[in-house]
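Asker: Listed here are the chains, written in short residue letters.
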Amino acid sequence: MENAADSTPKLHPQAEHRARAPRPPERLPPSPPTGIATVPPRALALSFLLFVLLFAALLVVETLIGTSYSRLFRAMGNAMVGLGSHGTVWFAQPEVGGEHDTELVVVDPANRVQRRTQLSSHRHAYLPTAFFVALALATPVRWGMRLRCLAWGLLALHVYFALKFFIFPLAYGPGTDAPWTLAAGLRSVLWVLGATTVGWSLVPVFLWLLLVFVVPARRR
Amino acid sequence: MKAVFTFAVLMGLFYGLTHMARGGDVVFQPYLAALARAIAAILRALGYDASAAGTTVTYPDFSMQIVRGCDAIEPLATFVAAVLASPARFLLKLPGIIVGAVAIAGVNLVRLVSLFLVGVHYRPYFDVIHEGVWQAILVGLAIVFWASWIQWATRGERRRLDPEAPSSG
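Chains as they are written, first to last, in my numbering: chain A, 35 to 254; chain B, 660 to 828.
Treat the hints as calculated values from the structure; they're not laboratory data. Please note that a few of the clues may not be correct.
[To be verified] Distance windows between CB atoms, simulated:
#1 B:P754 with A:H46: 52 to 60 Å
#2 A:V248 with B:Q688: 38 to 46 Å
#3 A:V95 with B:I757: 36 to 44 Å
#4 B:Y784 with A:H134: 19 to 27 Å
[Claimed, not checked] In silico negatives: residues of chain A with every beta carbon more than 12 Å from chain B:
#5 H46
#6 P47
#7 I99
#8 L106
#9 S119
#10 W124
#11 E129
[Unchecked claim] Listed below are several chain A residues computed to face chain B (Cβ distance under 10 Å; list not exhaustive):
#12 H156
#13 S235
#14 R252
Beta carbons: idealized from backbone N, C-alpha and C, even for Gly.
Extracted from the complex, chain A is given alone in its bound form (with noise of 0.2 Å):
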């Protein structure tokens, strides 16, 4: 009688290798773009059309709480870097008004000179946290995203502010003038990213690129 187990068909060697050894893993089909590949085009255009109101809104309500803003942007400057600073630096409010509501002072404790720069809370604080709010509420995505983005991102907005505060004093102190030193590099980033027509939105961008499609990409 033969035996049930001697029935099972015996591979050749080789072919019992083969089917022992590990398989590589199955290489998944892309899957089609997302994001805002599919937006539709007129949902687009609303967006774009939101992104501007929002903008003009944030830019009106600008008018009402300017003066309080730049003293919050002095008191801020105060607070990380001027209390600790022994009174070499200070932000204070120029004498003559304008765009610039906002002086940065630098003295140096070795021959008390002071150097005193011209700043715009305006340029360095408020248009850039207007234009994130609005980018971010207008992104056509769902509405938790927006708010997480605008969460995460306003609160990276002001980290990058504060490290701002910390870089002024080095780019604008006295006896700083020579080119080719960190403080003439600082001095171009501030320029770029304070002075030039647009420059003041490429951190909100970065940021907004980051949250809308970076992290969630990372995620899924």
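Fit chain B to the known structure of chain A by using the hints.
Answerer: Here is chain B on its own, set in the frame of chain A:
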């Protein structure tokens, strides 16, 4: 992530080059003067007795000088950097860059003409519209043009991978 950082690097290169370029204004002067002449021509077509002298557009009650920053080079650079950083074939990027550049230049002309009209009729609002609203609109449009290019550049791939999905671009 690589695309976002490529975008940041390209913008850094752009600003580095433009900041270091000495006498760059000399290179741009002919373009700015041409812009001024185009604005004056459009205003005359709209019934305003405007003229261009060099880079300045003049009108009896108002004049506007066209300077660096009025040329929309920065929003254009933002758009080009976004397209170059996006993962797509170069043959798809080139037409996008050309069409986008023409579109941004056209919008910039509209911007300058509208700013002149605001300066003539609504002078108190000139600064906020000049330095706030229109700058944000240009950057916003650069993003919209980039999104439109992404839709055009990926339409083939979308149809191939999901033939039943409605075409959106």
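Asker: Against each hint, give a clear statement of whether it holds in the structure.
Answerer: Hint-by-hint comparison with the structure:
Under the hint 52 to 60 Å, the C-beta atoms of P754 (chain B) and H46 (chain A), about 57 Å apart, fit the expected range. For V248 (chain A) and Q688 (chain B), the hinted distance range of 38 to 46 Å is satisfied, since their beta carbons lie about 41 Å from each other. With their beta carbons about 39 Å apart, V95 (chain A) and I757 (chain B) fall inside the hinted range of 36 to 44 Å. Hint check: Y784 (chain B) to H134 (chain A), Cβ distance near 21 Å, so the stated range 19 to 27 Å holds.
A cut-off of 12 Å between C-beta atoms confirms that H46 (chain A) is not in contact with chain B; the least separation is 40 Å. Even its closest Cβ contact with chain B, about 42 Å, leaves P47 (chain A) beyond 12 Å, as expected for a residue assigned away from the interface. Distance check on I99 (chain A): its Cβ is at least 14 Å (rounded) from any Cβ of chain B, clearing the 12 Å threshold; non-interface status holds. With 12 Å as the threshold on Cβ separation, the claim that L106 (chain A) sits away from chain B holds: the shortest Cβ distance comes to roughly 19 Å.
With a least CB separation of 29 Å from chain B, S119 (chain A) remains clear of the 12 Å interface cut-off, as annotated. Against chain B, the non-interface label of W124 (chain A) holds: every CB pair exceeds 12 Å, the least being about 27 Å. Listed as outside the interface, E129 (chain A) is consistent with that label: its C-beta sits roughly 21 Å from the nearest C-beta of chain B, beyond the 12 Å cut-off. A least Cβ separation of about 8 Å between H156 (chain A) and chain B falls short of the 10 Å threshold, and the interface hint therefore holds.
Look at S235 (chain A): its Cβ gets to within about 5 Å of chain B, closer than 10 Å, so that hint holds up. Contact between R252 (chain A) and chain B, as hinted, is supported at the beta carbon level, the nearest pair being about 8 Å apart and thus within 10 Å.
Figure legend: structure checked against the earlier numbered hints; every hint is met.
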